[in-house]
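Assemble the whole structure, with the sequences as input and the hints as a guide.
Just so you know, the sequences run in chain order D and A. Per the numbering used here, the very first residue in the first sequence carries number 42; after that it's consecutive. Per the numbering used here, the very first residue in the second sequence carries number 42; after that it's consecutive.
FYI, nobody ran anything at the bench for these hints, they're computed from the structure.
Note: identical chains are not told apart, hence a pair may lie in one copy or across any two.
Subject to a maximum C-alpha distance of 16 Å in a straight line, what follows is the list of computed EDC-like cross-link-like pairs (lysine to aspartate or glutamate):
hint	residue 1	residue 2
1	314	287
2	286	254
3	228	110
4	234	189
5	290	309
6	86	102
7	291	258
8	226	110
9	121	111
10	176	287
11	176	258
12	286	309
13	228	111
14	300	287
15	286	258
Protein chains: 2
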Amino acid sequence: MFRISVDCMGGDNGLSVTLPAALNFLKKNKNVSVILVGNPKLLKKELKKHSFDPNLVSIVESSEVVLMDEQPVQALRRKKKSSMRIAINLVKDRLADGVVSAGNTGALMAISKFVLGTLNGIDRPAIASFLPNSKGAACMLDLGANIDSTPENLYQFAIMGSCLYANQFSKDKPSVGLLNIGSEKIKGNETLKLAVDYLSNSNLNFYGNVEGDDIFDGKTDVVVCDGFAGNVSLKTAEGVALMIKDFLKKEFSSSIRGKIASMLIYPELIKFKRKIDPRIYNGAALIGLNGVVFKSHGNTDILGFESALDKAHKAIKNKLNDKIKALVLTEVTNSNVQ
Amino acid sequence: MFRISVDCMGGDNGLSVTLPAALNFLKKNKNVSVILVGNPKLLKKELKKHSFDPNLVSIVESSEVVLMDEQPVQALRRKKKSSMRIAINLVKDRLADGVVSAGNTGALMAISKFVLGTLNGIDRPAIASFLPNSKGAACMLDLGANIDSTPENLYQFAIMGSCLYANQFSKDKPSVGLLNIGSEKIKGNETLKLAVDYLSNSNLNFYGNVEGDDIFDGKTDVVVCDGFAGNVSLKTAEGVALMIKDFLKKEFSSSIRGKIASMLIYPELIKFKRKIDPRIYNGAALIGLNGVVFKSHGNTDILGFESALDKAHKAIKNKLNDKIKALVLTEVTNSNVQ
Numbered sequence: 042m043f044r045i046s047v048d049c050m051g052g053d054n055g056l057s058v059t060l061p062a063a064l065n066f067l068k069k070n071k072n073v074s075v076i077l078v079g080n081p082k083l084l085k086k087e088l089k090k091h092s093f094d095p096n097l098v099s100i101v102e103s104s105e106v107v108l109m110d111e112q113p114v115q116a117l118r119r120k121k122k123s124s125m126r127i128a129i130n131l132v133k134d135r136l137a138d139g140v141v142s143a144g145n146t147g148a149l150m151a152i153s154k155f156v157l158g159t160l161n162g163i164d165r166p167a168i169a170s171f172l173p174n175s176k177g178a179a180c181m182l183d184l185g186a187n188i189d190s191t192p193e194n195l196y197q198f199a200i201m202g203s204c205l206y207a208n209q210f211s212k213d214k215p216s217v218g219l220l221n222i223g224s225e226k227i228k229g230n231e232t233l234k235l236a237v238d239y240l241s242n243s244n245l246n247f248y249g250n251v252e253g254d255d256i257f258d259g260k261t262d263v264v265v266c267d268g269f270a271g272n273v274s275l276k277t278a279e280g281v282a283l284m285i286k287d288f289l290k291k292e293f294s295s296s297i298r299g300k301i302a303s304m305l306i307y308p309e310l311i312k313f314k315r316k317i318d319p320r321i322y323n324g325a326a327l328i329g330l331n332g333v334v335f336k337s338h339g340n341t342d343i344l345g346f347e348s349a350l351d352k353a354h355k356a357i358k359n360k361l362n363d364k365i366k367a368l369v370l371t372e373v374t375n376s377n378v379q
Numbered sequence: 042m043f044r045i046s047v048d049c050m051g052g053d054n055g056l057s058v059t060l061p062a063a064l065n066f067l068k069k070n071k072n073v074s075v076i077l078v079g080n081p082k083l084l085k086k087e088l089k090k091h092s093f094d095p096n097l098v099s100i101v102e103s104s105e106v107v108l109m110d111e112q113p114v115q116a117l118r119r120k121k122k123s124s125m126r127i128a129i130n131l132v133k134d135r136l137a138d139g140v141v142s143a144g145n146t147g148a149l150m151a152i153s154k155f156v157l158g159t160l161n162g163i164d165r166p167a168i169a170s171f172l173p174n175s176k177g178a179a180c181m182l183d184l185g186a187n188i189d190s191t192p193e194n195l196y197q198f199a200i201m202g203s204c205l206y207a208n209q210f211s212k213d214k215p216s217v218g219l220l221n222i223g224s225e226k227i228k229g230n231e232t233l234k235l236a237v238d239y240l241s242n243s244n245l246n247f248y249g250n251v252e253g254d255d256i257f258d259g260k261t262d263v264v265v266c267d268g269f270a271g272n273v274s275l276k277t278a279e280g281v282a283l284m285i286k287d288f289l290k291k292e293f294s295s296s297i298r299g300k301i302a303s304m305l306i307y308p309e310l311i312k313f314k315r316k317i318d319p320r321i322y323n324g325a326a327l328i329g330l331n332g333v334v335f336k337s338h339g340n341t342d343i344l345g346f347e348s349a350l351d352k353a354h355k356a357i358k359n360k361l362n363d364k365i366k367a368l369v370l371t372e373v374t375n376s377n378v379q
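Structural data, given as structure tokens:
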């Protein structure tokens with residue numbers, strides 16, 4: 042039986058999203074239980090609205106909430122009774138096998154790092170997420186946990202990204218690309234050139250440098266970058282997708298012809314929407330920590346939060362962190378790198 | 042009469058694109074002539090296929106071509122008789138008011154910098170381009186000329202971007218955003234924090250930090266970033282747009298309903314396509330040089346190359362470089378920055 046602790050009060054929508062998502066998740070999965078962390082009164086009131094197996098649901102009290110715009114350091118120091126902190130503590134105390142939160146990303150990383158510590162052999166945890174691409178999905182990291190990265194950090198991101206991709210898609214030796222501004226080895230700054238050396242000498246399935254458009258044409262399964270470039274790229278992608286969606290919506294609704302066309306093409310539009318539905322891709326791994334921590338988008342809905350729970354569940358079930366620890370060890374031993 | 046020199050041999054398609062585009066451009070504009078630089082035999086042969094005013098077209102011979110994958114330094118040192126080099130020389134010798142090339146970007150920047158030099162007060166030229174956004178277009182720079190940028194570089198990019206936006210869209214004091222991974226002043230590395238200080242104390246219409254998605258929701262007219270982030274963002278945007286286009290095309294053509302729907306919505310699809318048509322946005326300014334230099338996408342078509350010629354024409358007509366020089370001077374004198 043795996044146990045997932047849920048920060049029920051985090052995110053823009055709090056328990057109106059997190060609680061029903063947790064209960065849906067329970068119905069779809071076996072051998073898993075949830076620990077709901079939050080205001081017990083509110084949780085019980087919300088639970089009454091749903092049917093569920095009481096053996097699989099427990100409540101742990103918290104009296105505070107980390108605000109979405111709170112400084113991570115403040116949240117770490119002052120919010121010791123927050124739903125986020127207590128949900129993470131449960132992982133530390135081995136009462137839960139992993140935690141999912143839709144709260145403040147910076148705070149989640151800071152508190153997780155402090156409470157759980159980083160994995161042996163990993164200097165800096167990263168934020169890793171999946172993005173849709175023409176072949177399925179790419180795993181990209183770091184998406185903003187670290188502004189500046191050393192070549193060693195990037196090499197470790199590649200190890201962790203390989204494990205995460207393998208973990209979620211059961212693919213052995215996924216291919217790894219290093220995000221750069223040209224495909225040639227000599228492109229980019231000194232950090233990137235050194236990272237290419239590390240990766241070329243590793244046992245990872247290193248493809249070489251990739252560019253921004255390669256993320257979406259599926260050139261590699263994993264795309265490694267520093268948190269600044271990763272965050273810019275992720276948000277650019279979101280911005281372009283939203284702009285195109287708005288343009289298309291406007292065109293389709295601007296005439297009767299358009300409205301008829303959109304009715305005709307409705308099943309395909311739904312299929313297309315699902316293909317790039319951010320809710321399906323929701324759930325970023327805070328990877329490199331001594332514990333499974335997944336971050337949901339703050340303003341996602343029930344389906345989106347369920348996706349994050351699913352990803353955390355897979356990471357626990359398929360022993361993501363054990364795989365990372367083993368691969369770090371193999372890399373150190375076998376490669377010419379260190 | 043303005044004169045534009047055209048590197049006719051550059052780009053993936055050479056003069057089969059550049060020459061017809063130049064002649065179309067002449068037909069649509071008054072008081073402008075073109076100097077076609079390339080292999081005279083081939084140029085004359087191609088010219089025979091078209092009607093044009095011979096008073097507005099002259100040919101200057103070149104015997105070499107800079108290859109698309111040639112190292113910029115090699116091209117600079119060895120390709121002194123290339124169409125690119127000679128087209129740029131014409132600007133230096135005041136025989137042309139500006140140059141347009143679809144050739145190797147790195148070589149175009151390296152040769153332009155060497156031949157023309159940089160504008161007074163500008164330390165590093167940048168690559169600036171327009172991207173579609175929900176309000177029209179955003180001007181973004183640097184898109185890859187510089188990997189690392191100082192706060193001063195970013196400040197100068199903001200000055201140049203403001204001038205370019207004003208130049209192309211006749212808008213006074215366009216708003217300027219600094220690309221970052223959060224909107225708060227304290228976000229990003231030391232370079233970005235210092236750049237915020239420079240920009241806040243300047244007379245530019247500085248909005249503050251913007252994120253990747255803000256480029257496309259039209260938060261600011263100009264988006265300033267270092268060349269690495271800019272290039273990653275630009276290529277990410279291209280990749281997402283292409284992926285969505287391919288997905289949609291597949292869905293629309295996967296059923297008879299879809300095909301009927303796409304016929305019904307055809308005019309709107311065309312309108313939408315035009316809104317984000319990369320050919321319309323084609324033409325990046327190599328900005329900060331002692332001369333007007335525009336770069337066309339290497340694999341664009343006739344319409345795309347025409348767009349680049351149009352943008353260069355506007356830059357010449359509206360005295361882009363004089364405006365930059367004046368604004369640099371004003372900024373140095375009036376602001377508390379230097």
